[in-house]
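Next come the chains, spelled out residue by residue.
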Amino acid sequence: MRKKKSLCAYAIPIILSLLILSGCGEEVPNTDIATFYKDSEASGTFQYNTKAGIDMSAKVKITGYLIGERLPGMNDVLEKLNEKLLNDINTTMEINYIRWGDLQSKYALVLASGEDLDWIFTGNWAYYGQEAAKGAFLEIKQDMVRKYMPRHYKATNPQAWKEGLIGGKLFMIPTSTPDIKVNEVAIREDLRQKYNVPEVNKWLDIEPYLEAIKKNEPDMIPISVDSAIDITRPFFYQLAATSKSYFDLFFATSGGSGIVSDTDDPEGKLFKITDPEVINDYKNAAYKIKDWYDKGYINKNAFSNKVRSMDSFLSGKSSIAYGNTVDMQNIFNKVNEQGWKVKIIPGLSKKGTYPQDSHINNGFAIVSKSKNPERTMMAMDLIMEEPEYNQLVYYGIEGKNYVIKNGKIALPDGVTSETNTFPPDLAGFWFVNKNLLKCPENWNDEYIQLREAAKKQIAPYAYSAFVPDISNIKTEVSNLNQVVVQYFNPINLGMIKDVDEAFDVFDERLTSAGFDKVMEEMKHQTDEYKKELMK
Amino acid sequence: MKSRINGGFFSEIYKNKVLYLMFLPVALYFIIFAYVPMGGIILAFKEFNIRGGILFSPWNGIENFRFFFASGKAWQVTKNTLEYNVVFLACYTFFSILTAIMISEISNKWFKKIAQSFMFLPYFISWVVVAAFIYNFFNYDYGLVNTLIKNVGGQPIDIYAEPANWVILLPVLYVWKWVGFGSVLYLAAIMGIDQECYEAATIDGANMFQKITKITLPLLRPTIIVLVLMGVGRILRGEFDMFYNIIGNNGILMDATDIIDTLVFRSLMGTQDFGMASAAGFYQSVLCFVIILIVNGVVRKVDNENALF
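For the protein sequence lines, the chains are C and Z, in the order given. Heads up: the first sequence at position 309 corresponds to 309 in UniProt numbering, and the numbers run straight through without jumps. Heads up: the second sequence at position 14 corresponds to 14 in UniProt numbering, and the numbers run straight through without jumps.
The set of hints was computed from the structure by calculation and includes no laboratory data. Since this is a predicted model, take the numbers as computed values, not measurements. Take the hints with a grain of salt, since some may be wrong.
[Said to hold, decoys possible] Cβ pair distances, simulated, as ranges:
#1 C:LYS59 - Z:LEU24: 39 to 49 Å
#2 C:LEU109 - Z:VAL228: 34 to 44 Å
#3 C:LYS306 - Z:ASN165: 17 to 27 Å
#4 Z:ALA70 - C:LEU109: 22 to 32 Å
#5 Z:ASP255 - C:LYS306: 20 to 30 Å
#6 C:ASN96 - Z:LEU28: 26 to 36 Å
#7 C:THR419 - Z:PHE69: 24 to 34 Å
#8 C:LYS306 - Z:ALA70: 30 to 40 Å
#9 Z:MET230 - C:LEU109: 29 to 39 Å
[As the list claims (entries may be wrong)] Okay, derived cross-link-like pairs now, EDC-like style, lysine to aspartate or glutamate, Cα gap no bigger than 20 Å in a straight line:
#10 C:LYS295 - Z:GLU12
#11 C:LYS306 - Z:ASP158
#12 C:LYS288 - C:ASP498
Beta carbons are placed, not taken as given, at the ideal position from N, Cα and C, and that holds for glycine.
Let the hints inform the model, and build the full structure from the sequences given.
Given below as structure tokens:
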């Protein structure tokens, strides 16, 4: 709901977000698990650990799918990767990509087709729940993980395994290091000073700034949102800042449903948006946004605009950039070139919190028809948790795509961020252990502070990893989704003629689309989920 | 009797073997891409899962159809689809014939070719690009049209917030895009008309208008009927590309511009359910089939020779 269901809604933030990852840097000692597969590393000869009972005598080729564009440097990286994999576990790997634009249509098709496939990137935003329900993924048992992915098992918080459960069964291997990020918004500090606007320290201070921009900068639109990602953000920043941080229960998985909960409520009580307890919070935000829309603070073409606020901001056409802690790094880099000053303020709830990312935000699943699940897990264990592999798939080839300067990652001489054939993070291996990665050199102090602040702002959210099982309510969920698009998104933009009337119609449509049935089912499922997590 | 038909069938093939050989690729194309996939229709009655695939997934009766009718929008989108397509088909046919006749009457060969090429050009432009044109022409904040209006001191128009605009604009765009293609079909038919008819009419003193109404149009009738019937055959298949790219997810416009295809796409994007999508496709196909049977029946009654079947 906050970002829309459109897949690219998730796609782009994630791409960007990943440019730089969360924790980086602390050297993690190479523990004894490294010797799990190898009897004697010192001797340099590789031997299979017969004690673990893993037969690796046959050479195996596994195939996987990642999301994103295939990078020009990918072939070299794969070659290097295969060299290492062949040496370590007698396996080679082929990796294909599903492009962001095709994700929605192709993800389900790749799994349904007869293609030979062993693993695929997945996450709560990337159809994990939907495909698991269709039987596309192999069920993962704890002892499999312990046996074939010992490094990852050790590195992962036990909570992560519980988060991935659907109906008590696990179908994915979640990342060991979820991103630490909160919503942020960047403003032009230089313009703020120029027009003598009082300092902006939080979202609620922003109105005078918007007004000044509207009045003094005829070529700028104060807020310019796009149709896929930022479209609902002005509303939700406002809603969170004035009341609570409400999240739609289906936000991460399939879009919107009208079922919301306060992310700071540990009980996670579920509401309908139009319930008397919450509707006034929503209406107040809607009045304000409508006021802004009518005054021209928000672009009138949001439904057809494909340019994200951050790009409009960077090209000087808009005064606000929406983003998150991770992707704000781009702003600093580019703004310095322009000679502007920016200030980044977080978009938090009234309490000052933002719901934490779950472990199942990034991960991979083994495809149910895979012929080599064991070898796949072993290979992924190395890729995710072995620093050498980890660095390779994330930053590329040392000397060619990166060099290490003072223990930090930097570009080699003669290579710029534009000409680098394997830019960090874009290869799609977002599930690797990011604590093992070294820090990029170009982070400035302001950005490091932002990241530090985010660590304190994130707060646990009862349903951050909840994946609804919709097999019995598919019809209703599909219909609610479309009701949200048709009747709630215009409210989010302030495009409606009358706020109260719009909410009445929205309520009516939700009900007729089968809201009550979904609500009942979700109450039941969330109760089960909470019990499961408590265990 | 039966053996005579069989014998007739094979001897017919033998007699015209070269012609049938030429037809073979077309036949294969339709068998592979149109007839074989038709078997997939069973998916509309199944609870699809990956292990079972299309053939072995469990049946679930008409459960998949429920989503479409429970949406509360089934009637509205069916009506929209039908209305838009009727208007599209009528405008398209009318303007294609008009253009074809005008082009055929132009004597300057050079101008004729240029005019035809320009009209044909939009056919090659995808709706994605058209949507970008529209956006840049009409967007409120810095669209071409609104900038002009603002410069002459007028009130800018917010086209994306007013459904009424689109009821006009969409058919206009449709005609703009397809008329070049349609006029070529009709032009070919006009070129096939025996020139002696026109010469005889000229000698009898007929003017251009009389020649068009008394010779060209009556002789075009079979072509018109066939092309319209083919258009009717797709009447419940909305022009998805057009609506999706130009209107997108604009909730304000949706009641006026939502068609079956966009509704299904929007609803199922999140759930990714093949069965439900097939059910909607099945619904469209059945209605199209019924409609074309009825229309063809009417044509057969009125003008037996020109009916499709």
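Taking the hints in turn, this is what the structure says about them:
Against the hinted window of 39 to 49 Å, the Cβ-Cβ separation of C:LYS59 and Z:LEU24 comes to about 45 Å, which satisfies the hint. Checking the proposed 34 to 44 Å range against C:LEU109 and Z:VAL228 shows it holds: the Cβ atoms sit about 36 Å from each other. For the pair C:LYS306 and Z:ASN165, the supplied restraint of 17 to 27 Å holds, since their beta-carbon distance comes to about 21 Å. For Z:ALA70 paired with C:LEU109, a C-beta distance near 26 Å keeps the hint of 22 to 32 Å intact.
Taken as a hint, the range 20 to 30 Å holds for the pair Z:ASP255 and C:LYS306, whose Cβ atoms sit roughly 24 Å apart. Take C:ASN96 and Z:LEU28: their Cβ atoms lie about 30 Å apart, and the range 26 to 36 Å holds. Distance hint for C:THR419 and Z:PHE69: a CB-CB separation of about 56 Å, inconsistent with the stated range 24 to 34 Å. At about 32 Å, the CB distance of C:LYS306 to Z:ALA70 agrees with the hint of 30 to 40 Å.
In this structure, Z:MET230 and C:LEU109 meet the distance hint of 29 to 39 Å, their C-beta atoms being roughly 30 Å apart. For a cut-off of 20 Å, the pair hint linking C:LYS295 to Z:GLU12 is broken: about 76 Å separates their Cα positions. At roughly 17 Å between alpha-carbon atoms, C:LYS306 and Z:ASP158 fall within 20 Å of each other, so this suggested pair holds. For the hint linking C:LYS288 to C:ASP498, the alpha-carbon distance of about 12 Å falls within 20 Å, and the restraint holds.
Consistency note: the structure conflicts with the earlier hints numbered 7 and 10.
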